[in-house]
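Using the sequences provided together with the hints, build the complete structure.
There are 2 protein chains.
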Amino acid sequence: MSDHPAIPYNSLLLFAESVFRKIGCSEEHAALAAESLLAADLRGVDSHGVARLSGYVRLWEVGRVNAQPNIRVIHETPSTAVVDGDSGLGLVVARKAMEIAISKAEAVGTGWVSVQNSNHFGIAAVHAMMALEKDMMGIAMTNASPLVAPTFSIDKMLGTNPICVAAPAGAEPAFVADLATTTAANGKLEILQRKNLQTPDGWVQDIEGNPSNDPHILKQGGALLPLGGDRDHGSHKGYALGAVVDIFSALLSGANYAPWVPPFPAYVPIPAQQPGKGIGHFLGAMRVDAFRPAAEFKASMDHWIQGFRNARPLPGQEKVLVPGDPEREMQQERLVNGISLLPVVIKDLKSVAEKLNLPADF
Amino acid sequence: MSDHPAIPYNSLLLFAESVFRKIGCSEEHAALAAESLLAADLRGVDSHGVARLSGYVRLWEVGRVNAQPNIRVIHETPSTAVVDGDSGLGLVVARKAMEIAISKAEAVGTGWVSVQNSNHFGIAAVHAMMALEKDMMGIAMTNASPLVAPTFSIDKMLGTNPICVAAPAGAEPAFVADLATTTAANGKLEILQRKNLQTPDGWVQDIEGNPSNDPHILKQGGALLPLGGDRDHGSHKGYALGAVVDIFSALLSGANYAPWVPPFPAYVPIPAQQPGKGIGHFLGAMRVDAFRPAAEFKASMDHWIQGFRNARPLPGQEKVLVPGDPEREMQQERLVNGISLLPVVIKDLKSVAEKLNLPADF
Numbered sequence: 001m002s003d004h005p006a007i008p009y010n011s012l013l014l015f016a017e018s019v020f021r022k023i024g025c026s027e028e029h030a031a032l033a034a035e036s037l038l039a040a041d042l043r044g045v046d047s048h049g050v051a052r053l054s055g056y057v058r059l060w061e062v063g064r065v066n067a068q069p070n071i072r073v074i075h076e077t078p079s080t081a082v083v084d085g086d087s088g089l090g091l092v093v094a095r096k097a098m099e100i101a102i103s104k105a106e107a108v109g110t111g112w113v114s115v116q117n118s119n120h121f122g123i124a125a126v127h128a129m130m131a132l133e134k135d136m137m138g139i140a141m142t143n144a145s146p147l148v149a150p151t152f153s154i155d156k157m158l159g160t161n162p163i164c165v166a167a168p169a170g171a172e173p174a175f176v177a178d179l180a181t182t183t184a185a186n187g188k189l190e191i192l193q194r195k196n197l198q199t200p201d202g203w204v205q206d207i208e209g210n211p212s213n214d215p216h217i218l219k220q221g222g223a224l225l226p227l228g229g230d231r232d233h234g235s236h237k238g239y240a241l242g243a244v245v246d247i248f249s250a251l252l253s254g255a256n257y258a259p260w261v262p263p264f265p266a267y268v269p270i271p272a273q274q275p276g277k278g279i280g281h282f283l284g285a286m287r288v289d290a291f292r293p294a295a296e297f298k299a300s301m302d303h304w305i306q307g308f309r310n311a312r313p314l315p316g317q318e319k320v321l322v323p324g325d326p327e328r329e330m331q332q333e334r335l336v337n338g339i340s341l342l343p344v345v346i347k348d349l350k351s352v353a354e355k356l357n358l359p360a361d362f
Numbered sequence: 001m002s003d004h005p006a007i008p009y010n011s012l013l014l015f016a017e018s019v020f021r022k023i024g025c026s027e028e029h030a031a032l033a034a035e036s037l038l039a040a041d042l043r044g045v046d047s048h049g050v051a052r053l054s055g056y057v058r059l060w061e062v063g064r065v066n067a068q069p070n071i072r073v074i075h076e077t078p079s080t081a082v083v084d085g086d087s088g089l090g091l092v093v094a095r096k097a098m099e100i101a102i103s104k105a106e107a108v109g110t111g112w113v114s115v116q117n118s119n120h121f122g123i124a125a126v127h128a129m130m131a132l133e134k135d136m137m138g139i140a141m142t143n144a145s146p147l148v149a150p151t152f153s154i155d156k157m158l159g160t161n162p163i164c165v166a167a168p169a170g171a172e173p174a175f176v177a178d179l180a181t182t183t184a185a186n187g188k189l190e191i192l193q194r195k196n197l198q199t200p201d202g203w204v205q206d207i208e209g210n211p212s213n214d215p216h217i218l219k220q221g222g223a224l225l226p227l228g229g230d231r232d233h234g235s236h237k238g239y240a241l242g243a244v245v246d247i248f249s250a251l252l253s254g255a256n257y258a259p260w261v262p263p264f265p266a267y268v269p270i271p272a273q274q275p276g277k278g279i280g281h282f283l284g285a286m287r288v289d290a291f292r293p294a295a296e297f298k299a300s301m302d303h304w305i306q307g308f309r310n311a312r313p314l315p316g317q318e319k320v321l322v323p324g325d326p327e328r329e330m331q332q333e334r335l336v337n338g339i340s341l342l343p344v345v346i347k348d349l350k351s352v353a354e355k356l357n358l359p360a361d362f
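These protein sequences, in sequence, are chains A and B.
The opening residue of the first sequence carries number 1 in our numbering; numbering runs sequentially from there.
The opening residue of the second sequence carries number 1 in our numbering; numbering runs sequentially from there.
You may find that some hints are simply not true.
Claimed, not checked - One side only, chain B facing chain A, incomplete, derived with CB under 10 angstroms:
| no. | residue |
| --- | --- |
| 1 | Asp155 |
| 2 | Ala167 |
| 3 | Ala171 |
| 4 | Asp201 |
| 5 | Gln205 |
| 6 | Asn210 |
| 7 | Gly229 |
| 8 | Lys237 |
| 9 | Val244 |
| 10 | Tyr257 |
| 11 | Ile270 |
| 12 | Trp304 |
Simulated from the structure, these hints should not be mistaken for lab results.
A quick note: this is a predicted structure, and the numbers were derived from the prediction, not measured.
We put the beta carbon where it would ideally sit given N, CA and C, even for glycine.
Right under this line is the structure:
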């Protein structure tokens, strides 16, 4: 993907940390933010990793990211809380919200936290997976700015609104399903753009709502399509799932929802008449032993996972994958061999370094 | 759809109730089971309504349904419970489990109940929607016998594993998303069979895993496909969602999972080496005011819903729908005009009446 040699994980982690410290984050927040961000690069979700670092800095420059937020619970019950992220980095706010969910799960079996007044939280998996080491299932979702047209709609009403569910196993690695509720997310379009290829049917539509195969169509006012693509292929289900994420993340918390979610690029104006605060997330933790002894559950998960691994693969396919397999394999590879970045991303990181007067040793 | 005049809802409800009483259900259980079953017919999910009544009776005949179950909590925390359905009708067991979820939500904000040792529960929506009148969000899911091949798999490893999420609104009707995690469920195949039409791409594959457009292919060893259809169109996401439903419903409860879930037709043998008990469900209830004042939440839901209704429809489409709209409109129509049944379903109901020596006044 790049002529530039792969960069060690630690170099990128330390650089991202230095950037977050430089814009005013505490040591603790800078470390959390960098770790959350780099988790995307490690897991192969390149669109959500250091490629976005300059975007976070620009949001801070225009005052939309508060580097020293007072992240606080504004309402709670034994199993629930609403957190006000105080315009902090979602990369940090979601981690703190998940800590609250986990501590509620420790007390009453499960914990559920809806978050308002936050920003982009990176990949959902990094937050959901915090639950695993506690023998809990973890759930993370977030809304996002409107790029997706519901079934039968010209207008873009929802974000790619991802859902992650992580479940611990025993001898097998954990089950981690992390999915945008669209047929394909933006990162997949970018790959096709670079390769000068068309999109398959059911990924995008143009500004008038006609089916399109142009991976550049979003820049021309087009839209991503919900998982399923069109009505005949179940797009009303992908739309419903994206809507559920919006309701959990924003309607329960008081964040902005639907087409009013603020955009990630700092130069795009925030929609008028905001009905809520910032963007919304939803984090959940369920103690496995609130249902069954953890050892029993994990033995069943191992049996479940082995069943899928042993399913007969289609002709031409090597094996049936379990959700989380490709990302875990990528992480193992990148921790050893480093992370390859596109020249345009490296250039972008170097310009961040220059702007903030930081060394960039890569 | 039928030359037979539409049958009033109440006639079918009373008939189903009489059938459930006749096989030994208590008055209360018979009423609950009939109401759960008929909710499918009212909402237009004809494959899950009275068309299945004879199937439930056959499961009772072979001893796989216990008409007088001792439905009981076998493990709990303040926000969770595991329920043993004692081989009862899922139509009743899931209602009882949802009552427990609601009562836990009243106490600690949310309630989550995983169910083992149950049977087919009808449509997910009827259980999830119980939460609405309490100003709670309701969640219902169930696993089901293996008809679905995961991405890259020849083997059928999952059921159609539906998810329902219901959220109360204020002036607007409630949001109710109820979806199988496949591109299309069995009922849609049956409609195409009757019309002698092919399926769209991405619905089914044949016994060797080749793409197929034959709506009869399941009878020849074929499989339904996860939402998305194939890898290029996101089937790994539909697969992951179906897997999540299986984990919540069966791995947390100790029910059977993956290809070991017992089949609905009584004549199909139960898989050998069952790892759990019966089939599994998962029910959740979240008090809206565990997050925000209910009036605020419901006002936001109204605003959200109106936003989607006012989105510009695609050329040739009348309007953008909100999840739950088509089913609610069908219910309003069928409560007034009655329920049209296919001749084959009427014949089946009459033969149940004859077998159990019950009047069938329709």
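- Return the numbers of the hints above that this structure violates; sort them in rising order. 3 and 11
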